[in-house]
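Using the sequences plus the hints, can you model the full thing?
There are 2 protein chains.
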Amino acid sequence: MTSATRPYGTRGTRGSVGSQGGTGPGASDGQEAAAILERARVSVDPELRAAVDALPGPLRRIARYHFGWEHADGTPATGNAGKAIRPALVLAAAAALGGPAARAAAVRAAAAVELVHNFTLLHDDVMDRDATRRHRPTVWSVFGDADAILAGDALQALALGMLAEDPHPASTAAVARVAACVVELCAGQQVDTAMERRDPGEVALDEVLAMAEAKTGALIGCACAVGALYAGAAEEDVDALDAFGREAGLAFQLIDDVIGIWGDPRHTGKPAGADLAVRKKSLPVVAALSSGTQAAVELAALYAAPYEPADLDRTALAVEQAGGRAWAQDQAADRMSRAMSELARAIPDPESAGGLLSLAEFVTRRSN
Amino acid sequence: MTSATRPYGTRGTRGSVGSQGGTGPGASDGQEAAAILERARVSVDPELRAAVDALPGPLRRIARYHFGWEHADGTPATGNAGKAIRPALVLAAAAALGGPAARAAAVRAAAAVELVHNFTLLHDDVMDRDATRRHRPTVWSVFGDADAILAGDALQALALGMLAEDPHPASTAAVARVAACVVELCAGQQVDTAMERRDPGEVALDEVLAMAEAKTGALIGCACAVGALYAGAAEEDVDALDAFGREAGLAFQLIDDVIGIWGDPRHTGKPAGADLAVRKKSLPVVAALSSGTQAAVELAALYAAPYEPADLDRTALAVEQAGGRAWAQDQAADRMSRAMSELARAIPDPESAGGLLSLAEFVTRRSN
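In order, the protein sequences belong to chains A and B. Going by my numbering, the first sequence opens with residue 1, and the numbers climb by one from there. Going by my numbering, the second sequence opens with residue 1, and the numbers climb by one from there.
Please keep in mind that the hints were generated in silico from the structure rather than gathered at the bench. Computed from a predicted model, the values in this text were never measured in an experiment. Among the clues, some could well be false.
Which copy is meant is left open, because identical chains are indistinguishable; a pair holds if it fits in one copy or across any two.
List time: in silico SDA-like cross-link candidates among lysine to any residue, alpha-carbon distance up to 25 Å [unchecked claim]:
1) Lys280 to Pro56
2) Lys280 to Gly57
3) Lys280 to Asp145
4) Lys280 to Leu205
5) Lys280 to Pro58
6) Lys280 to Ser43
7) Lys270 to Leu302
8) Lys83 to Arg266
9) Lys270 to Arg129
10) Lys83 to Glu351
11) Lys83 to Arg39
12) Lys270 to Ala81
13) Lys280 to Glu236
Structure, rendered in structure tokens:
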């Protein structure tokens, strides 16, 4: 790798990707990222709340519950609406390429991207029968499937409608980009749900990587691209920002999958090895299964049998011995390195790229 | 009513609204409408198919099945994609206000409106657990809930994205209008599904009318408004076209509800009194229940008891004796009259309004 494609070498250290907590550059970046996230929330929240509050009565109530602003009975809550990384990326990309004016102009677009993300969460939870989201019961489990589907549908319409109505010259291109991204997100989720029903041995690693890029990378890339559009960036820079976000998003997913197996329950809030217990075909598992090793044969046998808590350690060990953990960590580092290259292509000045860099490192260092 | 607000008196005859089949103006209008629908299908189908075929693999297959272009196994079908009234209304409104050039320019917008309609059908069928649509098994019953939800989500994104990318100057306003309409459709469906769980006696007629307007009238109105936008019409004419479509859509729903009780099974393809058997809170039933008559008391008792086929005739008679049928037919005629007034406001020349008029009368005279 040449220095031209990796100008932020001091921060994009391979070994540190996905490390849980600790001190050093990661910790200080985490503080910087937290400050960026907080500033983004302060900017975007009023726009987001105004959009949601414009929904008709019952849909508004469902959406407000989902965002953690209300309890199920309609009383106010000081809830947890998630880290809102995507709107922060919209604003950071706009600021990096167009300065404070572009950041200010992109606030509505940032809110629209966050609405799209939440529309997909509402629907994914219905499809995956996930009962908990952000430490609270999911919308479908409180209000029923129909309300969750309808609130999601309405949030998608709200997002694309408010983006179209934005008088900013980039608004039309942003609608087209976000709409294309939604199609990709749906395709990724479709492959994911279809994969659930397939035999683990029949799932190819390339398929799971493509699915993860569509399901997780696409919207993170889109958020960065929308920010670039709102900064009036050239098409190639918009595309580079999209690629940056996609690669960082994929790195995030790889780390998330590692945490899903080896994460510390005290940090993750989930039982140890949660993904193994539900026989999830996560990236480290599929990499392990396709390794051609003896450990892969053992893992396949364990995955084919019903889950026994006593087998958990053996299963995690088999994934590790088959090289699944090392592969995922290398892949994550490689993706982050590619992300840095794309970022450097669009924004050669590391100073300007700082916000995006901090956010990308934050999501790939997360321990919960 | 003054002649100024009802210039199309010879066609908007009260008594004929909702009449099933027969000869006279209805039959010839039906032929005219059929020709308009066929021309619209020829114009819109290529755009619609191109949009759907741009979806990624599995989503494309699900959508192509839904539209009746493919069987579930992926082999081609010469299917029934529905009457496609909404895109025909887009084109008819554009033609009425802007001539053939406006009609030609509105083809993509017409396809987008049809995509939105089909997105709502896919989701409504999941929520309502309807197993049959256009004489074929619904998508969820063939592919599962997740695929039906995702295909619907993708069709909404496709619709708004292709509308945003349309270089026509009306495109942005159309995206905003269609997005607002989707929110209204969701709100209507939300009220409808919530109503299912409520006691029939607690449901007010105004609520059901508002729900029907949101669920059925809004998109028909939106279709007409989008056509007007593409003709470059003044805002007040766009709004009048919207109101025309809403009123006609509500008339359609009233007639549909009458057919759901008294329709001839040979025409409707559904068993006689199908809506009564499932205790549907349709407009004639709620009107009957809130009539304060002795028949309303009897109807309430019948609706509170489990369905017995032997009670069907008595139940239908109770709705009729309580005035539910006459009310619905009068309301439908009244709504059609209001629709005509709105149309005359925007398009004073009956010759120019002919296509919209034929379509509106077609949907409210339908017998299946």
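Between Lys280 and Ser43, at a C-alpha cutoff of 25 Å, which is it: within one copy, between copies, both, or neither? So Lys280 and Ser43 fail the 25 Å test inside a copy (37 Å) and across (47 Å) alike.
Given identical chains, is Lys280 near Leu205, meaning Cα to Cα at most 25 Å, within a copy, between copies, both, or neither? within (14 Å within a copy, 50 Å between copies)
Status of Gly57 relative to Lys280 across identical chains (alpha carbons, at most 25 Å): Between copies only: 23 Å across, 38 Å inside.
Evaluate Lys270 and Arg129 at a C-alpha cut-off of 25 Å and name the case that applies: within, between, both or neither. Only inside one copy: Lys270 and Arg129 sit 16 Å apart there, 34 Å across copies, limit 25 Å.
When Cα atoms must be at most 25 Å apart, do Lys83 and Arg39 count as within-copy, between-copy, both, or neither? within (12 Å within a copy, 51 Å between copies)
25 Å Cα threshold - placement of Pro58 relative to Lys280: between (35 Å within a copy, 21 Å between copies)
Can you tell me if Lys280 and Asp145 fall within 25 Å by alpha carbon in one copy, between copies, both or neither? both (23 Å within a copy, 20 Å between copies)
Within, between, both or neither: how does the pair Lys280, Glu236 come out at a Cα-Cα threshold of 25 Å? This pair counts as neither: shortest intra-copy Cα distance 37 Å, inter-copy 56 Å.
Regarding Lys270 and Leu302, is the shortest C-alpha distance of 25 Å or less found within a copy, between copies, in both, or in neither? within (21 Å within a copy, 51 Å between copies)
Cα distance capped at 25 Å. Does Lys280 pair with Pro56 within a copy, between copies, both, or neither? between (38 Å within a copy, 24 Å between copies)
When no copy is specified for Lys83 and Glu351, does a C-alpha distance of 25 Å or less occur within a copy, between copies, both, or neither? For Lys83 and Glu351, the Cα distance is within 25 Å only inside one copy (24 Å; across copies 59 Å).
With identical chains, the pair Lys270 and Ala81 could be close in the same copy or across copies; at 25 Å between alpha carbons, which is it: within, between, both, or neither? Result: close within a single copy only, 19 Å intra versus 46 Å inter.
Checked against the numbered hints above, the structure violates hints 6, 13; every other hint is satisfied.
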